[in-house]
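Enquirer: Can you build the whole structure from these sequences, using the hints too?
Protein sequences appear in the order of chains P and L. The first sequence maps to residues 279 to 349 in the numbering used here. The second sequence maps to residues 64 to 265 in the numbering used here.
If you're looking for bench data, these hints aren't it; they were derived computationally from the structure. Just so you know, not all the hints are guaranteed correct.
Simulated restraints on C-beta separations [said to hold, decoys possible]: (1) G306(P) with T130(L): 36 to 46 Å; (2) Q144(L) with E345(P): 24 to 34 Å; (3) V302(P) with E204(L): 27 to 37 Å; (4) L316(P) with S134(L): 43 to 53 Å; (5) H77(L) with E309(P): 52 to 62 Å; (6) T340(P) with F80(L): 17 to 27 Å; (7) D171(L) with R336(P): 53 to 63 Å; (8) E258(L) with R336(P): 16 to 26 Å.
Reference listing, derived: stretches of chain P covered by chain L, where coverage requires no fewer than 3 residues with Cβ under 8 Å from a Cβ of chain L [to be verified]: (9) 292–301; (10) 325–336.
Beta carbons are placed, not taken as given, at the ideal position from N, Cα and C, and that holds for glycine.
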Amino acid sequence: MVTENTQLSCREAARLMSHREDRVLSDGETEELKSHLLICLSCRNFGEQLTFLRRLARRYGTDGPPEDAPT
Amino acid sequence: MGNCKNNNPRENQHVLFIEVETHRGYMLRFAAAKLRDAEQAEEVVQEALLAALDGIGSFSGQSTLRTWLTSILKFKIIDFQRRVISERAHFANAPQQDDDSPDPEWQDKMYDDTGHWQPRLTAWGNPDGALEQKQFFDVFERCMDKLPDATSRVFFKREVMGVETDEICKEEQISASNCWVMLHRARLALRECLERNWFFGK
Chain P
279 MVTENTQLSC REAARLMSHR EDRVLSDGET EELKSHLLIC LSCRNFGEQL
329 TFLRRLARRY GTDGPPEDAP T
Chain L
64 MGNCKNNNPR ENQHVLFIEV ETHRGYMLRF AAAKLRDAEQ AEEVVQEALL
114 AALDGIGSFS GQSTLRTWLT SILKFKIIDF QRRVISERAH FANAPQQDDD
164 SPDPEWQDKM YDDTGHWQPR LTAWGNPDGA LEQKQFFDVF ERCMDKLPDA
214 TSRVFFKREV MGVETDEICK EEQISASNCW VMLHRARLAL RECLERNWFF
264 GK
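Expert: Here it is as structure tokens:
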């Protein structure tokens, strides 16, 4: 049963988004996160930044930085 | 002139030598993540670079240079670990961190009293463009270096090397939840650092 009090804070939502990269979230966690993201633009931005961070790290470990290009 | 292909093998080799050197920083971080010891990492990277330069003729260009160097480095690390183990019984004595240790203070400052972001998080402009800039990767390295050693190691293994969390826990001798906490802290800190030093700080 969902009541007002079970609303996630951004702090908790951020933690779940991070954990989502490392473990399977429970159904309850997934639901709570989903409804938080619906109403919170900051956390959606955070989610995108996490995804980007992962891409950056993978790129860093494979190709590395691009060769020096004229700027 | 710099990029034009030429058929002189000696000159090509010279160019490759210089290029190999640009991957040293990455290799040092990779080795330090595995060995937890900066000095040992230095030693192994030196061995790997020598081996790479020795065998550079066998670099086919099918993988990226970094991937090729990393595969050599991995062998050297395993080699090194075998040597160390045979020299003396080796016990990793990772300091056990408390799972329930409170969030560091810098983390508190990111949220208001009700746990909402302060200030609000706004989208980064053109993050994909940043991936095309060498200086951005320099910022990323500096941000990783600012993390506490263990946190940096765990992040590097998980996100750069793509190791699964349960394997990281075993290697680091930490619990799964501790591992998740460390990864989350690393991501928060790196996000903030990239934002301050690149996206909003430029």
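Enquirer: For this structure, which hints from the list above don't hold up?
Expert: Of the numbered hints, just 7 does not hold.
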